[in-house]
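Protein chains in written order, with our numbering: chain V, 4 to 114; chain H, 22 to 134.
It cannot be assumed that every hint is accurate.
The following label-pair restraints were derived from C-beta to C-beta distances [to be verified]:
no.	chain 1	residue 1	chain 2	residue 2	range
1	H	Thr60	V	Asn6	37 to 47 Å
2	H	Ile98	V	Glu60	26 to 36 Å
3	V	Asn6	H	Lys86	18 to 28 Å
4	H	Asp83	V	Ser97	22 to 32 Å
5	V	Ser97	H	Ala73	34 to 44 Å
6	H	Pro127	V	Gly57	27 to 37 Å
7	V	Asn6	H	Asn49	30 to 40 Å
8	H	Lys86	V	Asn25	33 to 43 Å
Keep in mind the hints are simulated off the structure, nothing from the lab.
The model shown is predicted, which means the values in this text are computed figures rather than measured ones.
We put the CB at the ideal spot given by N, CA and C, even for glycine.
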Amino acid sequence: QQNVQQSPESLIVPEGARTSLNCTFSDSASQYFWWYRQHSGKAPKALMSIFSNGEKEEGRFTIHLNKASLHFSLHIRDSQPSDSALYLCAADDSGYNKLTFGKGTVLLVSP
Amino acid sequence: EAAVTQSPRNKVAVTGGKVTLSCNQTNNHNNMYWYRQDTGHGLRLIHYSYGAGSTEKGDIPDGYKASRPSQENFSLILELATPSQTSVYFCASGDALGGDTQYFGPGTRLLVL
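Only chain V is shown next, with the shape it has when bound in the complex:
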């Protein structure tokens, strides 16, 4: 069974800082890797995904995936107070459209 771990559990950064969130997974056959963001009291919403080794950038957000080390990460450039939220990483259970989520990282960006 897939096991997804996130670190750190929580993080406080100043506005404008670069933020890095980490995720490890256990199923070496996983193909799909996601970051979801959940603002307080709201539904989780997909932020970014990556399906092959390497890096993918969308605006201020970058995902890195290293399948050999069973690790992927999310980097936020120029962090904004509106980025304050719970960040959930997820990896698929190989062969199924079923995701396993980590416990989340609470990010607070202070103005």
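Starting from the structure of chain V, add chain H where the hints point.
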């Protein structure tokens, strides 16, 4: 954007009572999911479905049943509710492809007394 709705949004139930949570999606997605979210546990998958008439056990199915009577609707049923099932429940839908986005409903806050 995909539309997923849930009802009720808030529910108070008594221990031993039956609770039904409903989910509707209007995007013709094949897959639907029920998760619960508790502080310190992230999102945990309870049941999911690949289409009308199908239900599959997720990672924490004990104490829950699911029903998918149509493409649009997916219900989560607690036959004998317990206080440990107090949580926020999210429904999600997505297409059949492994890499497709899951779209979440607004959540149902359930309190079992």
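Right, here's what the structure says about each hint:
| no. | hint | verdict |
| --- | --- | --- |
| 1 | Thr60/H x Asn6/V: 37 to 47 Å | violated (20 Å) |
| 2 | Ile98/H x Glu60/V: 26 to 36 Å | violated (43 Å) |
| 3 | Asn6/V x Lys86/H: 18 to 28 Å | holds (26 Å) |
| 4 | Asp83/H x Ser97/V: 22 to 32 Å | holds (24 Å) |
| 5 | Ser97/V x Ala73/H: 34 to 44 Å | violated (25 Å) |
| 6 | Pro127/H x Gly57/V: 27 to 37 Å | holds (35 Å) |
| 7 | Asn6/V x Asn49/H: 30 to 40 Å | holds (33 Å) |
| 8 | Lys86/H x Asn25/V: 33 to 43 Å | holds (36 Å) |
Hint compliance for this structure: hints 1, 2 and 5 are broken, all remaining hints hold.
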